[in-house]
Amino acid sequence: MKRVLILGAGTAGTMLANHLRRELSGDEWSITVVDRDNDHHYQPGYLFIPFGMYQPDRVRKPRTRYLPPGVDFIESAVLRVRADDSEVDLENGRVLGYDWLLVASGTRPRPDLTPGMADGQLWHTKVFDFYTLEGATRLHEALEAFTGGRLLVHLTDMPIKCPVAPLEFVFLAEDWFRKRGIRHKVDITYVTPLDGAFTKPVASHELGSLLTDRSIRLASDFALERIDNERQVIVSYDGRELPFDLLVTIPLNTGQQFVIDSGLGDENGFIPVDKATLRSIAHENIFVLGDASNIPTSKAGSVAHFSVETFVPNFLEVVNGKPMTHSFDGHANCFIESGRGQALLLDFNYDTQPLTGSYPLPAVGPMKLLGRSRLNHLGKLAFEQMYWRLLLPGHKLPVPTLMSMAGKHEEE
Amino acid sequence: MPTNTLNGRSFQVNDEGFLTRRDEWDEDLALDLAALIGVELDEAHWAPLRFMREDSATSGITPTLRRMQTVGGFDIKELYRLYPGKPAKKMAWLAGLPKPVGCV
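Protein chains in written order, with numbering that gives the first Met the number 0: chain A, 0 to 411; chain B, 0 to 103.
Everything labelled a hint here was simulated from the structure, so no lab data went into it. Please note that the accuracy of each hint is not assured.
Simulated crosslink set (EDC-like; lysine to aspartate or glutamate; CA at most 20 Å straight-line) [to be verified]: (1) B:Lys89 to A:Glu22; (2) B:Lys85 to A:Asp194; (3) B:Lys85 to A:Glu240; (4) B:Lys85 to A:Asp237; (5) B:Lys89 to B:Glu42; (6) B:Lys76 to A:Asp194; (7) B:Lys98 to A:Glu266; (8) A:Lys60 to A:Glu133.
Facing chain A, from chain B, some residues (calculated, C-beta under 7 Å) [stated by the list, open to error]: (9) Thr19; (10) Arg66; (11) Val70; (12) Ile75; (13) Lys76; (14) Tyr79.
A virtual CB, placed ideally from N, CA and C, is assigned to each residue, including glycine.
Build the full structure now, drawing on both the sequences and the hints.
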């Protein structure tokens, strides 16, 4: 019996378990999935919780409900991977051996790494994250009570999970204050260590104009050193200060502690892999799917989805001793809520930045790339059901796995 | 790709002026480039540039400020003092490396 061990039952790990259980014979292959708890969170839903659009319970379901029969689920944290022995030590004392290890343990926000963030007295009273269920829930209470003042929406440093979510948050916040009739009492600034609104030029330009249209200030090249809780200011490494009455921050992200403790990660705890095959550089029998690797594209569920679809046929080849013939292109596809009941859509990969155009078909669309539309917003809302019913079980979605240039307007 | 010429020597650069071939760089070129942005390179300035050259030689990637801190042992605040404004970009440019892309 050959053994596949999957660490993590989030977006990538659950898809892997479903795909591989269909493809690998139950007589020859065991598949085991480990996660520290049995709560699968629909993380795109965190964005809507601060604005009362989603209730917290809506985004949480049992992980085991989405794992197929014939897969063993073990609920325990992972202590370390001993890659040279092909064994994994679990917190519950068990030791699991493997023939193939698939690491799908994701990324996590680390408010503990910035002085004055998690250890400050304003944490979760005036300083919030929204990339955790608790943070998003507490932030909803704070927004309900907020009557005016300076709001900073702030991104500490890249890479972070879902790099468009901070922008979505700022657009939805602007809309929230407008609907409550207090927009004129709120001064909103988007604070980023990047030199513009987004990481890629065309999208950065389009999104930057939208910030201007909505009277949202942009503070760029701001690298946060610490939060001064006494004076309610954030301080950058070069000594700039921005005062706040409410701070919504995206903390630094790192990989999981067991990745760091096992010596598998880079300085941020992300595992170096070949970006086309997602195979660990250091260990031939380890692959890394989802946010846990160091591939140079967005840490996002869409990337996990497209990369799993490329990985599965490669994996079937490699376990049969054949060369891998499929190559992942870094494809990402993200809806960006822009407030006013509209959203934008981005579609890009390692080599092609987000461009304007229509998706998935030229001219017909029906989705609009990098332009706001009601349909994009409805697409984002509909994705919740697609996630649970189609994506996690590993069913084919009606979009191409590799990025296509069809419908995209080339740069001028 | 455009070619730049400075003090009689030529080198390939990208649209933003970053060197595209790491073997066209040497410390003399860094000195000449530094003069263009008003930085006088002393030992404190050289240390991070040398770390970046060595680190990227094995990794193939320009180190981010965070990596300079955690792996190289540099103090980020000090790097801002040495290279005011945009230290990561300035240092990569001076070290003849691509602009760091911690960011996608």
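Is the shortest C-beta separation between Thr19 (chain B) and chain A less than 7 Å? Violated - the Cβ of Thr19 (chain B) stays beyond 7 Å from chain A, reaching only about 16 Å at its closest.
Interface restraint verdict for Arg66 (chain B) against chain A (beta-carbon cut-off 7 Å): Arg66 (chain B) check passes; min Cβ-Cβ to chain A is 5 Å, inside 7 Å.
Less than 7 Å between beta-carbons is the criterion; does Tyr79 (chain B) satisfy it with respect to chain A? 4 Å, holds
So if I understand the rule, the pair passes when the alpha-carbon distance is 20 Å or less; does Lys89 (chain B) with Glu22 (chain A) pass? Given that 20 Å is the threshold and the Cα spacing comes to 50 Å, the pair is violated.
20 Å Cα cutoff - pair Lys85 (chain B), Asp194 (chain A): Answer holds: Lys85 (chain B) to Asp194 (chain A) is near 9 Å, not above 20 Å.
Distance restraint between Lys85 (chain B) and Asp237 (chain A), which requires alpha-carbon spacing of 20 Å or less: With Cα atoms ~9 Å apart, Lys85 (chain B) and Asp237 (chain A) stay inside 20 Å; holds.
Pair hint outcome, Lys98 (chain B) versus Glu266 (chain A) [Cα-Cα no greater than 20 Å]: 19 Å, holds
Are the Cα atoms of Lys60 (chain A) and Glu133 (chain A) separated by 20 Å or less? 16 Å, holds
Against chain A, with CB atoms and a cut of 7 Å, does the hint on Val70 (chain B) hold up? 5 Å, holds
Can the restraint linking Lys76 (chain B) and Asp194 (chain A) be considered satisfied, given a maximum Cα separation of 20 Å? Given that 20 Å is the threshold and the Cα spacing comes to 19 Å, the pair holds.
So if I understand the rule, the pair passes when the alpha-carbon distance is 20 Å or less; does Lys85 (chain B) with Glu240 (chain A) pass? 16 Å, holds
Regarding the pair Lys89 (chain B) and Glu42 (chain B), is the alpha-carbon distance no greater than 20 Å? 16 Å, holds
This entry does not satisfy hints 1, 9, going by the numbered hints stated previously.
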